Each structure stands twice: as structure tokens, then as C-alpha cells.
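Listed below, chain by chain, are the residues.
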Amino acid sequence: MPAVCLYFQVHQPYRLRHYSYFDIGERHDYFDEELNKAILRRVAERCYIPANKVLLEAIRQSKGAFKVAFSITGTAIEQMRAYAPEALESFQELAQTGCVEFLGETYYHSLSSLYDFREWAAQISMHSDLMEREFGVRPTVFRNTELLYSDDIGAAIGELGFKAVLAEGVDDVLGWRSPNFMYRVPNANTKLLLKNYKLSDDIAFRFTNGGGSLSPTTYASWIHELSGNADIVGLFLDYETFGEHHREESGILAFLKKLPEAVLSNQEWRFSTPTEAAERLSAVGELSFSRLTSWADTRRDESAWLGNEMQRKSLGRIYDAATLFHGRYIQDEAMTAARETWRRLQTSDHYYYMCTKGYGDGIVHQYFSPFESPYDAFIAYSNVVKDFAAECARAPKTPTLRVLAEGPRVQP
Amino acid sequence: MDFPRYAPYNPNTKEPAPYIREPMKILMLGWEYPPHIAGGLGTACQGLTTALAGQGVDIHFVVPQLFGGERAEHMSLFDAKRTLAVGSQDPGSAPEVAELALPVSTTRIPAFLSPYWSPGQFKEALAAITHQHVASLSPSLRNDPVARALIDGDVFGIDLVSALEHEQPTVVAGENTGGRYGRDIFEEVERFTLQVVSRFSKDDFDVIHAHDWMTFPAAVALSEATGKPLVVHVHSLEHDRAGLFLNTQINEIERFGLVHADSIVAVSYFTKRSIETHHKISGGKIHVVHNGVYSHDVASESREHKTWPEHVVLFLGRVTFQKGPDYFVEVAARVIPHIPDVLFVLAGSGDMLPVVKERVEQLGLSRNFMFPGFMKGEELEELFSVADLYVMPSVSEPFGITALEAISFDTPVIISKQSGVSEVIEHALKVDFWDIDRMADFIINALEHPELRHDLVAMAREELKKLHWDVAAVKTIEVYHDVYRPEM
Numbered sequence: 002m003p004a005v006c007l008y009f010q011v012h013q014p015y016r017l018r019h020y021s022y023f024d025i026g027e028r029h030d031y032f033d034e035e036l037n038k039a040i041l042r043r044v045a046e047r048c049y050i051p052a053n054k055v056l057l058e059a060i061r062q063s064k065g066a067f068k069v070a071f072s073i074t075g076t077a078i079e080q081m082r083a084y085a086p087e088a089l090e091s092f093q094e095l096a097q098t099g100c101v102e103f104l105g106e107t108y109y110h111s112l113s114s115l116y117d118f119r120e121w122a123a124q125i126s127m128h129s130d131l132m133e134r135e136f137g138v139r140p141t142v143f144r145n146t147e148l149l150y151s152d153d154i155g156a157a158i159g160e161l162g163f164k165a166v167l168a169e170g171v172d173d174v175l176g177w178r179s180p181n182f183m184y185r186v187p188n189a190n191t192k193l194l195l196k197n198y199k200l201s202d203d204i205a206f207r208f209t210n211g212g213g214s215l216s217p218t219t220y221a222s223w224i225h226e227l228s229g230n231a232d233i234v235g236l237f238l239d240y241e242t243f244g245e246h247h248r249e250e251s252g253i254l255a256f257l258k259k260l261p262e263a264v265l266s267n268q269e270w271r272f273s274t275p276t277e278a279a280e281r282l283s284a285v286g287e288l289s290f291s292r293l294t295s296w297a298d299t300r301r302d303e304s305a306w307l308g309n310e311m312q313r314k315s316l317g318r319i320y321d322a323a324t325l326f327h328g329r330y331i332q333d334e335a336m337t338a339a340r341e342t343w344r345r346l347q348t349s350d351h352y353y354y355m356c357t358k359g360y361g362d363g364i365v366h367q368y369f370s371p372f373e374s375p376y377d378a379f380i381a382y383s384n385v386v387k388d389f390a391a392e393c394a395r396a397p398k399t400p401t402l403r404v405l406a407e408g409p410r411v412q413p
Numbered sequence: 342m343d344f345p346r347y348a349p350y351n352p353n354t355k356e357p358a359p360y361i362r363e364p365m366k367i368l369m370l371g372w373e374y375p376p377h378i379a380g381g382l383g384t385a386c387q388g389l390t391t392a393l394a395g396q397g398v399d400i401h402f403v404v405p406q407l408f409g410g411e412r413a414e415h416m417s418l419f420d421a422k423r424t425l426a427v428g429s430q431d432p433g434s435a436p437e438v439a440e441l442a443l444p445v446s447t448t449r450i451p452a453f454l455s456p457y458w459s460p461g462q463f464k465e466a467l468a469a470i471t472h473q474h475v476a477s478l479s480p481s482l483r484n485d486p487v488a489r490a491l492i493d494g495d496v497f498g499i500d501l502v503s504a505l506e507h508e509q510p511t512v513v514a515g516e517n518t519g520g521r522y523g524r525d526i527f528e529e530v531e532r533f534t535l536q537v538v539s540r541f542s543k544d545d546f547d548v549i550h551a552h553d554w555m556t557f558p559a560a561v562a563l564s565e566a567t568g569k570p571l572v573v574h575v576h577s578l579e580h581d582r583a584g585l586f587l588n589t590q591i592n593e594i595e596r597f598g599l600v601h602a603d604s605i606v607a608v609s610y611f612t613k614r615s616i617e618t619h620h621k622i623s624g625g626k627i628h629v630v631h632n633g634v635y636s637h638d639v640a641s642e643s644r645e646h647k648t649w650p651e652h653v654v655l656f657l658g659r660v661t662f663q664k665g666p667d668y669f670v671e672v673a674a675r676v677i678p679h680i681p682d683v684l685f686v687l688a689g690s691g692d693m694l695p696v697v698k699e700r701v702e703q704l705g706l707s708r709n710f711m712f713p714g715f716m717k718g719e720e721l722e723e724l725f726s727v728a729d730l731y732v733m734p735s736v737s738e739p740f741g742i743t744a745l746e747a748i749s750f751d752t753p754v755i756i757s758k759q760s761g762v763s764e765v766i767e768h769a770l771k772v773d774f775w776d777i778d779r780m781a782d783f784i785i786n787a788l789e790h791p792e793l794r795h796d797l798v799a800m801a802r803e804e805l806k807k808l809h810w811d812v813a814a815v816k817t818i819e820v821y822h823d824v825y826r827p828e829m
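Residue numbers (this note's numbering), protein chains in the order written: chain C, 2 to 413; chain W, 342 to 829.
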């Protein structure tokens with residue numbers, strides 16, 4: 002019995018202000034609180050709250066046959082709690098239905114998997130704790146930031162105790178194989194659940210193609226056509242697709258409302274969460290990834306964040322600072338705050354804004370960016386990092402931050 | 342008449358582009374031509390005519406005065422007396438109409454005056470030229486290319502010198518000139534008009550194409566005399582050049598040309614908007630044709646054996662209100678405390694130079710500043726090559742071709758948002774000309790982070806490939822076709 006696995010990504014970064022070189026040493030409030038608040042409130046009103054309501058009704062009407070999965074970053078949860086607590090409550094309400102799974106990821110939506118395994122593991126663990134606290138269940142399936150995936154990442158995720166991991170169903174990796182089956186990480190028991198990017202992008206990018214909007218019955222019929230040739234169809238989407246990227250007037254929320262019924266109208270099909278699918282389906286084989294993949298841009302690789310010199314140098318700088326925090330027992334308040342800032346600066350969005358790709362990809366990057374250009378983004382980020390580094394370097398002189406220079410005085 | 346649809350043009354064949362009506366002959370009027378240039382106008386004329394000629398357009402280009410050394414093998418380059426530039430194409434002689442009489446009041450000075458001179462500079466130049474006494478020139482004029490060419494003596498004959506000695510020119514600032522132009526610039530314009538009409542109205546051409554206000558009266562007169570359509574090309578407006586001190590006479594001449602033109606070419610949307618706003622001309626007849634740039638190999642030698650300091654930031658242009666040199670100095674004052682080993686090079690001449698130098702001294706920045714004067718040729722190329730950053734803080738810049746030249750030397754650019762070039766270059770650091778803190782933020786970061794310069798240049802270089810003069814030529818030919826009136 003084939004199933005649709007619907008999964009939504011929820012993320013909001015702490016965007017930086019237009020921090021000038023002349024702010025260095027003068028002020029240390031790097032994040033644009035007003036902007037972040039305004040965006041979070043807007044997205045909550047347009048997407049999180051109304052779309053959650055649609056999902057909740059669909060779950061009730063289908064008597065639990067409709068299921069979805071979310072991954073919600075720590076930075077998104079924190080900002081919801083601060084600026085739109087009703088949005089966070091509506092996610093908690095969904096969690097109580099038992100039909101909604103919450104996946105693991107990095108708390109800060111960072112690229113730490115590519116730079117610092119130890120930091121990566123720490124952020125995953127922070128995020129799992131948060132999910133358990135907010136939604137009552139510890140994640141058992143993992144999705145890495147922006148679906149970044151390689152064989153190494155797959156292997157590491159298994160060691161961290163996850164049952165399955167999500168990845169992009171990239172053509173050049175799959176070759177003749179179909180994305181619509183469960184695979185396995187090479188030499189491990191960890192399951193590999195792939196995104197069907199064609200069907201996912203039909204909603205994300207082509208919903209309003211050709212004047213009219215996509216109808217739920219047409220879309221469901223495309224899924225039903227796969228009968229006999231699919232075990233699991235992964236539809237992985239940014240949650241903001243519903244109401245923010247496509248406004249409500251486009252009919253996107255009505256589409257979401259009708260979709261469960263349309264899919265379930267064929268008796269053969271059902272919905273499945275990633276964990277259910279990983280438990281129910283056995284892998285058809287191992288799948289080795291010859292390269293680093295992601296769900297971003299036309300190349301579906303790491304180039305959205307590591308495509309130019311500015312991005313690579315900025316990432317190098319921020320991960321060089323790891324030596325300040327790793328292997329240290331951090332109890333001190335100022336130290337904790339410094340580490341928190343360091344982690345917020347790791348959020349992948351900062352590098353995404355620095356992308357200089359042209360045309361199609363570039364337009365998507367600019368759509369999300371609070372900066373006028375990739376260069377403005379780089380300059381603000383560099384200024385912030387410079388001030389942050391100077392603050393850390395100054396630390397030994399102040400007793401509260403002495404630990405930065407001297408290392409831990411107390412071993413746990 | 343219908344023109345064939347455009348087909349891709351192959352520059353390797355010598356044939357005219359297939360979309361060009363055969364023959365397409367243009368009479369073009371300009372005021373300066375490289376290497377004797379005072380601003381971007383001559384450079385743009387050279388680029389555009391080269392590309393037009395490359396696509397099979399036959400051009401007769403007339404400037405008031407030839408100085409020698411002009412290279413224009415791609416067309417026929419004349420002075421207003423119909424003397425052909427050495428090496429340029431000989432179109433054969435055309436029948437001359439009766440010489441028109443000059444008004445008595447006009448002094449007998451050839452049209453060598455730089456439209457960028459102030460009345461004071463003009464007077465000074467005349468005196469020095471008359472007596473061939475270079476030392477008497479103030480430093481700002483000593484480096485002025487036009488003055489230099491005149492004084493070097495290869496420009497004018499004995500007749501002129503004696504004529505000058507006998508007829509003392511009247512150099513009076515007009516009542517409304519705002520003190521930047523002598524009255525004689527208008528006499529020069531008038532003389533050019535008469536000469537052009539008398540010597541070129543019997544030529545065989547299809548369209549008249551005139552560059553900037555100095556040529557507009559000649560162009561309109563020629564168009565009226567011959568019935569040929571007129572295209573005027575706006576590289577800059579008096580409004581942009583003058584700031585608060587608008588010369589109403591120039592403004593009127595400009596409007597006269599714009600109103601009489603069958604079609605107007607503007608070098609940017611910025612300029613198009615200015616024309617619409619200041620001259621109340623309908624946007625329907627204004628076509629935007631962005632300038633291009635010819636790519637060339639970077640003179641990397643200068644970079645390699647550089648005796649230059651660690652960081653070089655370059656300003657290049659006329660040192661006038663319009664170009665924002667004062668902002669460049671204020672920005673430098675913000676940067677130097679943070680990057681002490683930086684050299685700010687302010688290259689160019691103009692009426693604000695003394696004020697700017699004084700300000701640099703007053704701020705105590707002399708050690709970090711260099712004023713090489715007006716640069717051209719190899720010196721200019723070396724400057725572009727050694728600069729880590731090119732800054733164009735223009736208050737009002739119709740296009741800003743130097744920014745493209747800087748990029749062609751792999752030098753990243755900071756450009757003001759008040760410029761036409763910011764419409765065509767995405768990969769630049771863009772800033773409002775008055776936002777000194779932001780500009781300083783840009784400069785410091787660009788000097789401290791080679792990766793920022795690297796990415797800017799890498800991307801801008803790609804953009805430059807699309808800004809070829811051939812693109813400008815194709816659009817210009819479209820404008821010609823629009824106004825072309827086939828003979829009945």
C-alpha cells in the first residue's frame with residue numbers, strides 16, 4: 002500500500018541589522034529585533050496559524066488517516082514564543098493529535114555538519130531536547146539543514162541514534178532508480194527517505210503556473226498514477242509555501258485543505274509519517290551519494306552557501322571561533338551568551354544572503370534577503386564577526402569572561 | 342518602408358549587418374574626440390562610432406577642431422572647416438554652399454574651448470595661448486588636456502595667433518551663466534553652427550546625430566536646411582553638470598535641440614527621467630541606449646612591480662560639484678584612522694580642485710593623498726591597474742563610463758546610486774552619494790577583505806561582457822530606422 006509522506010520545514014533566522022563598521026566597539030546588538038518580529042508576526046498570521054488550522058481540521062475529518070511531519074528550528078520556536086505565542090500553541094495542538102511527527106535537525110539551522118562534527122552533534126541534541134520539551138516526543142528521524150546530505154552525514158546520523166534520514170532525490174545520484182522507495186545508508190541500518198522533487202516543486206514553484214491554480218484532484222491524480230510503482234512519495238516543502246510564498250488569494254490554503262481527501266479518494270493510497278514509513282517499509286537497497294546534495298537552487302548542492310569566496314571565508318572565520326567554546330565547561334552567564342551569539346551567527350541564512358548567483362537562483366536568494374545585495378550582507382556579517390571576535394578577545398580582562406582565555410576552572 | 346528583421350550580426354565578416362538598410366549614412370556632430378578629451382563624451386563617441394562602423398554604418402563625424410593624433414580609421418572625421426583627420430576615411434569632396442557671413446560681434450577664435458572651463462580659466466588660457474607662455478598658467482590648467490594641446494603649438498597656425506593678438510576677445514561671464522562659462526563658448530557654438538551648415542549641408546546622408554548641447558544648434562540648423570531627420574544624444578544635461586548654478590542659456594539651447602529632435606537618445610534611464618522632468622519632453626521619443634566598454638587585457642605589470650602603497654583608492658573625473666570630489670575627501674577622513682597605509686588618489690582637474698586640496702590639508706590627510714591631475718593613456722591605465730578600489734561618488738551622473746573602465750581593469754567599484762551606470766552594473770557597491778559613513782564602511786571592508794573584491798570583480802567582469810558597444814550600436818541603429826524618411 003503506497004503512501005504519501007508530507008513534510009514541512011519551519012524556520013526563521015535571527016536576521017542581522019545593517020551593522021556598520023563604525024558600530025564596532027560601540028554596540029553589540031547584532032540582530033534586528035524589529036525586523037525579525039515583523040517578519041515572524043507576518044508569517045504567523047499568513048501561514049503558521051491559518052495553515053495549522055487547515056491541517057488540524059483535515060486530521061479530525063479524516064479521523065487520523067491524514068498525517069504530516071514538521072521540522073521546526075530552535076530559532077523559529079524561540080521567536081514564535083517571543084512574538085507570536087499563539088502560533089507555537091497551534092503547533093502544540095497539532096502535536097496532541099498524535100498524527101504529527103516532529104523531526105530532528107540542528108537547533109540553529111546551521112552548516113555545522115560540513116565544518117564541525119562536535120558542534121553539529123551538540124546542536125542536534127539541543128534541538129531534540131527542545132522538541133521533547135515543546136511537543137512531548139523526542140525525534141527519531143533526522144533532516145539536516147536545507148536537506149544537506151552525503152554518505153558521511155548519513156553514517157553519522159545513524160551513530161547519533163536516528164532511525165532514518167531525509168535527503169533530496171537527486172537525478173544524478175539516483176540514476177535509473179526511483180525516488181519513490183525506501184533506501185538505506187550504505188553499511189548501516191539507517192533508512193533513507195527521499196524527496197520527490199518534481200511533485201514537491203509542482204506545489205512550491207508551479208502552483209500558479211499558466212494563469213490558474215493547481216487543483217487538488219489533478220495533483221492527486223498525478224500521485225495515483227504512481228500506483229504499483231511506488232512505496233512512498235516524499236513531498237518535502239517549506240511550510241511558508243502555504244500563505245506566505247503563495248498568498249492565500251492564490252488558493253493555496255484551499256488546496257492544502259482539499260489535498261488529504263483527494264489523495265485518500267483512491268483506496269490504495271494513504272498518508273504516512275517518516276517514522277512510520279521507516280518502520281513499515283524495508284529498504285529496496287543501499288543508496289550511496291557520490292556528492293554533497295541539498296534541496297537548494299538548480300544545482301541542488303552546497304553552492305547556495307559556499308559558492309563564492311565571501312561565503313567560504315565567512316564560514317571559515319565563524320568556525321575558527323569554535324576553539325573558544327569547545328571542550329570548555331561553560332557555566333558563566335557572559336560565556337553562555339557569547340556562545341549563543343556564536344551559534345546564531347552560524348545560521349545558514351546569513352550565507353545564503355551572500356550568494357552572488359545570477360538569474361533564477363539569484364532572484365530566490367534576493368527574495369529572502371533583508372539586504373540590498375550579497376555584498377551588503379557580507380559587509381554587515383563581517384562587521385558583526387569583527388566586533389564579536391574583539392569582544393571575545395577582550396574577555397580575559399573582565400572576570401566574567403575570563404574562562405574564554407583561561408579555559409575551564411571546574412571540570413564537570 | 343519595412344526593414345528586415347534583425348538577424349545575429351557576425352563581426353568577423355566585413356559585410357554590413359543584415360538589418361542595416363543599404364546604405365545607412367549618418368552625419369554625426371560632436372565636440373571632442375580622443376585623445377583630446379576633457380570628459381567621457383569623447384570616449385563614448387569613439388566607442389559608439391567604432392561599433393556602428395563595424396556593423397556597416399557609414400559615418401561622417403564633425404568636431405569643431407582637430408588637434409592631431411586622432412585615430413578614426415573607421416569613419417570620416419572632419420573638423421568644422423572640412424579638414425579630414427589624418428588616417429580617417431576619405432569620402433571625397435562635397436559641394437560647398439556659399440560661406441555664411443559671421444556676425445560682426447563674433448571674435449575669431451576656433452572652437453577649441455573646453456566647455457568645462459570657467460570664465461576665469463578661459464581668460465587665463467587665452468592669455469597664455471596668445472603669448473605661448475605656459476608658466477603663467479595655474480596648476481589646474483597646466484594639466485588640462487585642451488590647454489596643453491593648444492599650448493604645445495601643434496594645434497593652431499600662425500593666422501590664429503595673429504588673429505588673437507589683433508582682436509582681443511571679450512571674456513565676460515554672462516548674467517546668468519553661474520560663472521562657469523565664458524560668453525565665448527556661445528560664440529564658438531554659433532561659429533560651429535555656421536561652419537557646419539555651410540560645409541556639410543550638401544553631403545549625402547540619411548540621419549543627423551548630434552552629441553550634447555554644444556552641437557544642437559548646428560544639428561537643428563542642418564536638419565532644417567536639409568530636411569533630414571535629427572537624433573540628439575544626451576550624455577549629460579546642464580542640470581546634472583551645474584547643480585545649483587544652472588546656466589539658463591545652455592539650458593535653453595539644450596531644450597531647443599530636444600524639442601526639435603525627431604528622436605532622443607539618453608545614456609540611461611536616470612538621464613531619460615531628467616529630460617522628462619527638466620525639459621518636459623514626452624518619454625515616448627526618448628530611447629535609452631546605455632554606453633558600452635571595450636574589454637582589453639589587464640595591464641598586470643603595474644600590479645606586479647608595484648611601487649605603490651598597500652592600498653590604493655581611486656577617484657577619477659573632473660573635479661567639479663557634479664562628481665562629488667568633496668565627498669571623496671570626507672570619506673577618506675573616515676577611512677584613514679582605521680587603515681593608515683591607504684593612498685587616496687584624486688585624479689582629474691576642475692574648478693573645485695583648489696578647494697578640495699585645501700580641505701585635505703585642513704584635515705591633515707596630505708600624507709594619504711595624491712593629486713596627479715588629468716590622466717590619460719598609459720598613466721591612466723596604470724592608475725586603474727594599481728587601484729584596489731574605484732570610487733565614483735557622483736552627485737548626479739548621467740552614465741559614468743569610468744566605472745566600466747575600472748571594471749575592465751579588474752578593479753572593483755563603489756558607485757553612487759545617482760548614476761546611470763548603476764542601472765547596468767549589479768555587481769558594484771552602491772551607495773547614496775551623501776551617505777559618507779556607508780561609503781567608508783564599504784571602502785574599509787573592501788580593503789580588509791580581498792574576498793569581497795574578488796567576488797565583486799569576478800561577477801562584474803561577466804556583466805561587462807554583456808555591455809559591449811555592439812549592443813549600444815544595435816539599439817542606435819533601431820533609433821535611426823525609426824526616424825529614417827526614405828526619399829519619395
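In case anyone wonders, no lab produced these hints; they're calculated from the structure. Because the structure is a prediction, the values reported are computed rather than measured. Take these hints with a grain of salt, some might be off.
Some chain W residues judged to face chain C by a derived CB distance under 10 angstroms, without partners named [stated by the list, open to error]:
1. E651
2. G718
3. E719
4. S749
5. A781
6. E789
7. A799
8. E803
All residues carry an ideal CB built from backbone N, CA and C; glycine is no exception.
Tested hints:
1. Annotation: E651(W) was flagged as interfacial toward chain C, and the flag is violated, the nearest CB pair being 18 angstroms apart, outside 10 angstroms.
2. The criterion of a C-beta within 10 angstroms of any C-beta in chain C is not met by G718(W), whose closest approach is roughly 32 angstroms, and the hint is violated.
3. Annotation: interface hint on E719(W) violated; nearest CB of chain C at approximately 31 angstroms, more than 10 angstroms.
4. Of the supplied interface hints, the one on S749(W) is violated, with its beta-carbon coming no nearer than about 19 angstroms to a beta-carbon of chain C, more than 10 angstroms.
5. This hint holds: A781(W) has a C-beta 7 angstroms from the nearest C-beta of chain C, less than the 10 angstroms allowed.
6. The restraint placing E789(W) at the interface with chain C holds, with a minimum CB-CB distance near 8 angstroms, inside the 10 angstroms limit.
7. A cut of 10 angstroms between beta carbons decides the hint on A799(W): the least distance to chain C is about 8 angstroms, and the hint holds.
8. Residue-level restraint check for E803(W) holds (minimum Cβ-Cβ distance to chain C is 8 angstroms; threshold 10 angstroms).
Consistency note: the structure conflicts with the earlier hints numbered 1, 2, 3, 4.
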